[in-house]
Amino acid sequence: MSSSIDETFGAAYIGIVVAALLLGISVFQGFYYFTHQKDGWVLRGLVAVVLVFDVVHQALITHTGILNICALDMYLIFFLHWQATHI
Numbered sequence: 005m006s007s008s009i010d011e012t013f014g015a016a017y018i019g020i021v022v023a024a025l026l027l028g029i030s031v032f033q034g035f036y037y038f039t040h041q042k043d044g045w046v047l048r049g050l051v052a053v054v055l056v057f058d059v060v061h062q063a064l065i066t067h068t069g070i071l072n073i074c075a076l077d078m079y080l081i082f083f084l085h086w087q088a089t090h091i
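Every position in the sequence shown, counted from 1, becomes a number in the numbering used here once 4 is added.
For the record, the hints were derived by calculation from the structure and aren't laboratory data.
Some clues are possibly wrong.
Stated by the list, open to error - Taking CB as the label site, the calculated pair distances span: (1) A16 x H40: 21 to 27 Å; (2) A16 x T39: 15 to 21 Å; (3) T68 x L25: 17 to 23 Å; (4) D43 x A15: 35 to 41 Å.
All C-beta atoms, glycine included, are put in the ideal place defined by N, C-alpha and C.
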């Protein structure tokens with residue numbers, strides 16, 4: 005069973021959107037933690053590091069997903085269109 009490239013990138017886009025929603029939930033939980041909890045600096049620092057890693061991870065997967073989708077669109081626009089007209 006083969007899948008087209010559009011279905012593959014559609015699934016990747018859905019994954020990026022779901023990951024962004026989960027990042028929003030994590031940021032809200034972090035905000036709530038920092039405003040309502042009075043833990044020691046070690047635990048607060050660990051929570052801050054985890055949140056920073058989560059944000060960086062989301063930025064990287066979003067950049068990669070958009071870069072791949074844009075590269076595919078440029079390939080389809082400039083290469084396949086001109087190939088089809090020369091047949």
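Do A16 and H40 keep their Cβ atoms within the hinted range of 21 to 27 Å? violated (36 Å)
Take a look at whether the Cβ-Cβ distance between A16 and T39 falls inside 15 to 21 Å. violated (35 Å)
Verdict for D43, A15 (Cβ pair) under range 35 to 41 Å: At 39 Å between Cβs, range holds.
Honestly, do T68 and L25 meet the 17 to 23 Å range at C-beta? holds (18 Å)
Consistency with the previously given hints fails for numbers 1, 2, ordered from lowest to highest.
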